[in-house]
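Enquirer: Chain by chain, the residues:
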Amino acid sequence: SQTIHQWPATLVQPVGSPLSLECTVEGTSNPNLYWYRQAAGRGLQLLFYSVGIGQISSEVPQNLSASRPQDRQFILSSKKLLLSDSGFYLCAWRPPDRLNTEAFFGQGTRLTVV
Amino acid sequence: AQKVTQAQTEISVVEKEDVTLDCVYETRDTTYYLFWYKQPPSGELVFLIRRNSFDEQNEISGRYSWNFQKSTSSFNFTITASQVVDSAVYFCARCDLTSGSRLTFGEGTQLTVNP
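Residue numbers (our numbering), protein chains in the order written: chain B, 1 to 114; chain U, 115 to 229.
None of these hints come from the bench; they were simulated from the model.
Check before you lean on any hint, since a few could be wrong.
Straight-line alpha carbon distances no greater than 16 Å define the calculated EDC-like cross-link-like pairs of lysine to aspartate or glutamate that follow [what the hints assert, rightly or not]:
{"hint": "1", "chain 1": "U", "residue 1": "Lys152", "chain 2": "B", "residue 2": "Glu102"}
{"hint": "2", "chain 1": "U", "residue 1": "Lys117", "chain 2": "U", "residue 2": "Glu158"}
{"hint": "3", "chain 1": "U", "residue 1": "Lys117", "chain 2": "B", "residue 2": "Glu59"}
{"hint": "4", "chain 1": "U", "residue 1": "Lys117", "chain 2": "U", "residue 2": "Glu129"}
{"hint": "5", "chain 1": "U", "residue 1": "Lys117", "chain 2": "U", "residue 2": "Asp210"}
{"hint": "6", "chain 1": "U", "residue 1": "Lys184", "chain 2": "U", "residue 2": "Glu173"}
Now the in silico label distances, taken between C-beta atoms and shown as ranges [said to hold, decoys possible]:
{"hint": "7", "chain 1": "U", "residue 1": "Pro229", "chain 2": "B", "residue 2": "Asp71", "range": "35 to 41 Å"}
{"hint": "8", "chain 1": "U", "residue 1": "Phe161", "chain 2": "B", "residue 2": "Ser29", "range": "35 to 41 Å"}
{"hint": "9", "chain 1": "U", "residue 1": "Ser187", "chain 2": "B", "residue 2": "Asp71", "range": "48 to 54 Å"}
Below, a sample of chain U positions facing chain B; criterion: calculated Cβ distance under 7 Å [what the hints assert, rightly or not]:
{"hint": "10", "residue": "Lys152"}
{"hint": "11", "residue": "Pro155"}
{"hint": "12", "residue": "Leu162"}
{"hint": "13", "residue": "Arg164"}
{"hint": "14", "residue": "Asn166"}
{"hint": "15", "residue": "Phe168"}
{"hint": "16", "residue": "Phe219"}
{"hint": "17", "residue": "Gly222"}
We treat Cβ as the ideally placed atom computed from N, Cα and C, and that holds for glycine.
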């Protein structure tokens with residue numbers, strides 16, 4: 001069966017510090033991968049998606065970047081965090097050949113920038 | 115951008131009341147998929163249902179039911195005889211078959227069921 005792992009669960013970082021959130025998927029190949037952010041009391045905003053290794057599409061200009069160094073690994077990074085980067089970050093995956101399926105989400109990372 | 119709109123930001127009901135959560139979507143596609151997710155206080159997203167654009171049959175699963183009306187671009191979700199455990203944020207989403215098949219979410223509806 002497929003599983004998605006996302007860590008850490010909680011993170012408190014000072015302004016100006018770097019960030020690295022990691023997401024890995026097991027039990028599937030060539031998944032579509034996504035990073036979403038949820039600001040407090042708001043909806044889910046798609047930040048990045050990837051349909052293959054090294055293929056990253058950005059949805060909104062921001063202080064963040066994403067990379068996919070391996071087929072089932074998706075990393076969200078920042079060189080210098082801003083206060084506005086605080087939020088709940090969710091990684092998700094979908095099988096590439098079954099477009100009618102739902103997206104499967106990780107447990108999320110709650111990031112607080114102080 | 116094609117939006118998903120959940121006009122109800124917050125809904126508060128008393129246990130055992132029925133409640134309907136509204137969802138209206140925009141799309142230029144003839145084939146698309148719609149979803150509902152539940153987000154309890156713990157934060158994880160729990161998948162509830164998906165519907166494709168060719169299937170307008172309403173669906174019932176226990177106390178949950180969904181009404182898909184293609185003519186009005188709506189996909190509403192009803193909870194019958196609500197319970198305190200139904201308290202959560204509920205998201206409606208649409209899948210774009212282009213652009214990585216990403217899901218576009220509405221802003222969510224915070225449902226509070228009071229005892």
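Enquirer: If a hint holds in the structure, say so; if it does not, say that too.
Expert: Okay, the hints, checked on the actual structure:
no.: 1; hint: Lys152(U) - Glu102(B); verdict: holds (13 Å)
no.: 2; hint: Lys117(U) - Glu158(U); verdict: violated (23 Å)
no.: 3; hint: Lys117(U) - Glu59(B); verdict: holds (14 Å)
no.: 4; hint: Lys117(U) - Glu129(U); verdict: violated (32 Å)
no.: 5; hint: Lys117(U) - Asp210(U); verdict: holds (11 Å)
no.: 6; hint: Lys184(U) - Glu173(U); verdict: holds (14 Å)
no.: 7; hint: Pro229(U) - Asp71(B): 35 to 41 Å; verdict: violated (48 Å)
no.: 8; hint: Phe161(U) - Ser29(B): 35 to 41 Å; verdict: violated (21 Å)
no.: 9; hint: Ser187(U) - Asp71(B): 48 to 54 Å; verdict: violated (36 Å)
no.: 10; hint: Lys152; verdict: violated (11 Å)
no.: 11; hint: Pro155; verdict: violated (12 Å)
no.: 12; hint: Leu162; verdict: violated (9 Å)
no.: 13; hint: Arg164; verdict: holds (5 Å)
no.: 14; hint: Asn166; verdict: holds (6 Å)
no.: 15; hint: Phe168; verdict: violated (10 Å)
no.: 16; hint: Phe219; verdict: holds (4 Å)
no.: 17; hint: Gly222; verdict: holds (5 Å)
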